[in-house]
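Enquirer: Residues per chain, in single letters:
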Amino acid sequence: MESTGHDQNINAPGPGQPLLANIPVLLPDKGIGLSISRLSAFVKALLSAQNSDELFSTICSEAVEAFRAEGSALYIVKNSLLEKQCSSGAIDSFISWDISNSAGRALAENRPVAFSLPRDSDAAGLPHSAASVPIYLNSSASGALTLFDKYSEDSFPAAFSDEDLFMLNEYGKAASAAIERFFKASSSEPASERAEILKGYLDSFLENTADAIVTTDLDGYVTAWNKGAETVYGYEQSEIIGQRMPFVPEFLMDSEKTFMERVSAGETLKEIETIRKRKDGSMIDVSLTLSPIRNSAGHVIGISGIARDITQKKKTEKNLLRRNSELSRILFISAAMRGTLELNKLLRMVLTAVTMGDGLGFNRAMLFLRDEKTNTLRGAMGVGPASHEEAWEIWARLSLEHKSLTSILEEMDKSPLRKDSFVDMLCRGIEIPLDSDTILTRTVKTKKAFNVVDVQKETLSDIELIQQLGTTAYASVPLISRDRVIGVLWVDNLFTHRSITEQDIEFLRIFSNQMASAIENAQLFESINSTEQQLSNIFESISDLLFFTGTDYTINKVNKAVVEKIGLPEQEIVGKKCYQIFHGMEEPLMSCPHIKTLDNRKAYIEEVEDFHLKGTYMVSCSPLFDNSGALLGTVHISRDITEQKKLREKVASAERMAALGEIAAKVAHEIRNPLLSVGGFARRLEKKLDNDLKEYAKIIVDEVSRLEEILTDTLGFVRTGRLDLKETDLGAFLDKIITLLESGAMTRDNRLVKEMPENIVIRIDQNRLKEALINIINNAIQATKSGTITIKAHHENRPSGAQEVVIEVQDCGCGIKEETLNRIFDPFFTTKSSGTGLGLSITKKIIEAHNGRIEVKSEVDKGTTFRIYLPVQEA
Amino acid sequence: MKKILVVDDEKNILKLYETELQEAGYSVVTANSGKEALDAFDAQSPDLVTLDILMPDIDGIQILRMLKEKKPQVPVIMLTAYDYRDDFSVWGSDAYVVKSSDLTTLKETIKTILETR
Chain A
1166 MESTGHDQNI
1176 NAPGPGQPLL
1186 ANIPVLLPDK
1196 GIGLSISRLS
1206 AFVKALLSAQ
1216 NSDELFSTIC
1226 SEAVEAFRAE
1236 GSALYIVKNS
1246 LLEKQCSSGA
1256 IDSFISWDIS
1266 NSAGRALAEN
1276 RPVAFSLPRD
1286 SDAAGLPHSA
1296 ASVPIYLNSS
1306 ASGALTLFDK
1316 YSEDSFPAAF
1326 SDEDLFMLNE
1336 YGKAASAAIE
1346 RFFKASSSEP
1356 ASERAEILKG
1366 YLDSFLENTA
1376 DAIVTTDLDG
1386 YVTAWNKGAE
1396 TVYGYEQSEI
1406 IGQRMPFVPE
1416 FLMDSEKTFM
1426 ERVSAGETLK
1436 EIETIRKRKD
1446 GSMIDVSLTL
1456 SPIRNSAGHV
1466 IGISGIARDI
1476 TQKKKTEKNL
1486 LRRNSELSRI
1496 LFISAAMRGT
1506 LELNKLLRMV
1516 LTAVTMGDGL
1526 GFNRAMLFLR
1536 DEKTNTLRGA
1546 MGVGPASHEE
1556 AWEIWARLSL
1566 EHKSLTSILE
1576 EMDKSPLRKD
1586 SFVDMLCRGI
1596 EIPLDSDTIL
1606 TRTVKTKKAF
1616 NVVDVQKETL
1626 SDIELIQQLG
1636 TTAYASVPLI
1646 SRDRVIGVLW
1656 VDNLFTHRSI
1666 TEQDIEFLRI
1676 FSNQMASAIE
1686 NAQLFESINS
1696 TEQQLSNIFE
1706 SISDLLFFTG
1716 TDYTINKVNK
1726 AVVEKIGLPE
1736 QEIVGKKCYQ
1746 IFHGMEEPLM
1756 SCPHIKTLDN
1766 RKAYIEEVED
1776 FHLKGTYMVS
1786 CSPLFDNSGA
1796 LLGTVHISRD
1806 ITEQKKLREK
1816 VASAERMAAL
1826 GEIAAKVAHE
1836 IRNPLLSVGG
1846 FARRLEKKLD
1856 NDLKEYAKII
1866 VDEVSRLEEI
1876 LTDTLGFVRT
1886 GRLDLKETDL
1896 GAFLDKIITL
1906 LESGAMTRDN
1916 RLVKEMPENI
1926 VIRIDQNRLK
1936 EALINIINNA
1946 IQATKSGTIT
1956 IKAHHENRPS
1966 GAQEVVIEVQ
1976 DCGCGIKEET
1986 LNRIFDPFFT
1996 TKSSGTGLGL
2006 SITKKIIEAH
2016 NGRIEVKSEV
2026 DKGTTFRIYL
2036 PVQEA
Chain B
32 MKKILVVDDE
42 KNILKLYETE
52 LQEAGYSVVT
62 ANSGKEALDA
72 FDAQSPDLVT
82 LDILMPDIDG
92 IQILRMLKEK
102 KPQVPVIMLT
112 AYDYRDDFSV
122 WGSDAYVVKS
132 SDLTTLKETI
142 KTILETR
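Those protein sequences? They're chains A and B, same order as listed. Numbers 1166 to 2040, taken from the numbering used here, label the letters of the first sequence in order. Numbers 32 to 148, taken from the numbering used here, label the letters of the second sequence in order.
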């Protein structure tokens, strides 16, 4: 037979097994006392039925009421088919389904069955739940009783429970007896006998139930005592009948009297949880239902009490409650733990939870974390009182304040179990190598919890803990996160001496699992945090200009170097457009690689000459994407390469010069010698000739002189060689130069003036330095018209303390423009129509050969000052 | 009359020097190569030698050294086309003059040296 719904009857016994074998003797829930009184009422109702129709109708309606069902149906087998005898609140489609499913099955399998159907079964014209039991006639299954659509107390569709099934089976048996007797009676037996038989059934039920059923008169004297009562209370029926409730403990007698008064007044007291005293004096928890016993006139003449021993249930319940509250604490703590990523705070939270009375209630707790680098277990944090006195003080305070774990965790910083306590400091000093074999290291290696009941008897006890913490018994559980032991939680009860139970360990285990993942998260977070900090430090300390720019050119983040370079506070840079800040422009700089990076989403590196920031920058620009791959902007790294660029150019120029030098040396003779002949003989001609011819010869002489001069400059620039250093009186030396140049100066109406406040003697190569000074002074003469050129010299001290001589040539001429100023020392650079452009670069070379340096300052139309610094060698 | 030995590999230059120095009142002997210079130095016993630093057969510095070995008292003026500004005195030269079509410097140097001897 196929079931259209879910077969709920998981506990169904196989064929041939006793009917009730799988119905638990101790019913899982309340209501047994109530059920028994209902069953009794049911039997009474059946007894009062006058004919079979009335009997069937009573069975159906009483059952519906007793089980809070919507409908019922009763079937008897006739001609090998189930035939409906009666139904209540059930529609035809239920009946046809029932016959082929629930009722049919109960009959065929000779056992109670229950069904729970899918939610939309209503629409299909089916019940949402059904329960059927067989009906027995002449000891063989000959029919079925079915209940449809159970409702819970709050009117929601429900399934029939095992208890329902058990009780329904009892109803079925009672109904069977009633029907059977009725059929027999209709043939031979008198009605009174039927009643006797039914009563007999009821009596046997009462005798056989495990519950204690006791009746008393209104004064409490026992009038009936079943077998269940004998078992539960320990009194024999014979010794208790007529006694006044010796099973009620003295201290409950008053409340018992109140109950009896209420029942005497007609009330039924259902399922009172109270205590009864057994004959042996032990107390038991019972669930008690007290109902009035009425005579035929309806007067209350006695009290029936049905009691069930719920001691075991109570115990289980207490355990459940404790477990529940502990679980909820763990849930609470783990919720709190998940809420914090700060490692230290988390550890303190964990240890507080382990040690608080409202938490797991250990006296002391410590966390050891595994250090992979040193392969040790290190004490990370400890919580707990340092001494008995402190322990009492803390507990007294806490009990006075009635603080909950919640509030303690919230105010943890102020808590007496704060960090830096004595125990905490002790803990931090402990370090246990993982290659040693102790309880703690075993906890790590085996991933198991250990409970050391007596450290003296355990050979693997951790010596450090005994010595430093004075522990006598302790437990350790591994902190396992993602299958890896990250540390160990250690607890003891030094002050209360409460032994650590297996259940405690079990809780620590559950707790430590929660803890481990939270700790690992916090550790990860901490390392991410420190990495972030490091990155930020690196970001700030990079000397290159580093900044993020959005796709709209807005600057999002800058480092310190940018702030220093721009000279504005960070908040005035961030949010501005990059071209405003970096280039002083109102629109993007086309040569900036940012634009290309935005267009092509690739990194670009370019050298950018920035007139706003005055310098040459190597700008690297990389695209920045978010997780989805969308372009956020660019990362700029700009390095000021102005100096490098200058250096690079210098090197290039030196290489050029060296190459030039080789050529120059080779051609020197080839040009100079013929020039010498040409010029020399032209001079002779000039002397011998007259008039026009003399003038022509003079032209040749002059031109040759000019060529020779160019040759001298050119070759002078590239020549190498040692300096001929001689002690020189600088004053006399300058005088000679001035004499040499004076006539030239006069042609431009200039005056040469020497200012020397002191005598200076310096080691120089006179010829070369003369050449250098002549170059500078000649330039000054050229730049000045009708002015004074002052040549000064004095000693100066460098910041390092070394002394140097400064020779200064100052004119008041036309000055040098800023853009040419930094090029005047470049070879072949000239602003004059004549000349080689080598003069000042030769000068610079000569000064540098003396280990000196040359500087120039100039203002257009005001004049130029050259300063030559020469080191004074120690004598 | 003082006798000057002028050594140069260029005949035109020898001709110029010879003419100019004779006009300045010296007796001039010329040599067109290193070998000629050494022969003339021995044969003519000049009072002063002007020596081009780059000679095709024997390096001017080598000639200078040989001359100084023979007669260290005879002054030698080195003539250079290329202004080395190196101190030729280490080789025993008494002065050096950069070659120029303007012979004033050379003449002054010769005069100074001969007068101080």
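Heads up, a few of these hints could be off.
[Claimed, not checked] Capping the alpha-carbon separation at 20 Å, the derived lysine to aspartate or glutamate pairs in EDC-like fashion look like this:
(1) A:K1853 <-> B:D125
(2) A:K1730 <-> A:E1691
(3) B:K101 <-> B:D125
(4) A:K1863 <-> B:D125
(5) A:K1863 <-> B:E41
(6) A:K1761 <-> A:E1737
(7) A:K1891 <-> B:E41
(8) A:K2010 <-> A:D1889
(9) A:K1779 <-> A:D1600
(10) A:K1730 <-> A:D1764
(11) A:K1610 <-> B:D125
(12) B:K42 <-> A:E1772
(13) A:K1852 <-> B:D125
(14) A:K1852 <-> B:D78
(15) A:K1613 <-> A:D1600
(16) A:K1853 <-> B:E41
(17) A:K1610 <-> A:D1536
Keep in mind that the hints were calculated from the coordinates and are not lab data.
Enquirer: Each hint should be assessed against the structure and marked as holding or not.
Expert: Evaluated hints:
1. A:K1853 <-> B:D125: At roughly 33 Å apart (the allowed maximum being 20 Å), D125 of chain B and K1853 of chain A break the hint.
2. A:K1730 <-> A:E1691: 34 Å, violated
3. B:K101 <-> B:D125: 15 Å, holds
4. A:K1863 <-> B:D125: Judged against 20 Å, a Cα distance of about 33 Å means the pair is violated.
5. A:K1863 <-> B:E41: It is violated: about 24 Å lies between the C-alpha atoms, which goes past 20 Å.
6. A:K1761 <-> A:E1737: Between K1761 of chain A and E1737 of chain A the Cα gap is close to 26 Å, so the pair fails against 20 Å, i.e. violated.
7. A:K1891 <-> B:E41: 35 Å, violated
8. A:K2010 <-> A:D1889: Holds, because 15 Å separates the two Cα atoms, which is no more than 20 Å.
9. A:K1779 <-> A:D1600: The given pair, whose Cα atoms are some 63 Å apart, is violated under the 20 Å limit.
10. A:K1730 <-> A:D1764: Not satisfied, since the Cα-Cα distance of roughly 28 Å exceeds 20 Å.
11. A:K1610 <-> B:D125: Judged against 20 Å, a Cα distance of about 95 Å means the pair is violated.
12. B:K42 <-> A:E1772: Since the Cα atoms of K42 of chain B and E1772 of chain A sit roughly 58 Å apart, the hinted pair is violated (cutoff 20 Å).
13. A:K1852 <-> B:D125: Roughly 31 Å between the alpha carbons, so the hint for K1852 of chain A and D125 of chain B is violated.
14. A:K1852 <-> B:D78: The hint is violated at about 28 Å.
15. A:K1613 <-> A:D1600: 17 Å, holds
16. A:K1853 <-> B:E41: Violated. K1853 of chain A to E41 of chain B sits at ~24 Å, over the 20 Å cutoff.
17. A:K1610 <-> A:D1536: Judged against 20 Å, a Cα distance of about 14 Å means the pair holds.
Violated hints, in rising order: 1, 2, 4, 5, 6, 7, 9, 10, 11, 12, 13, 14 and 16; the structure is consistent with all others.
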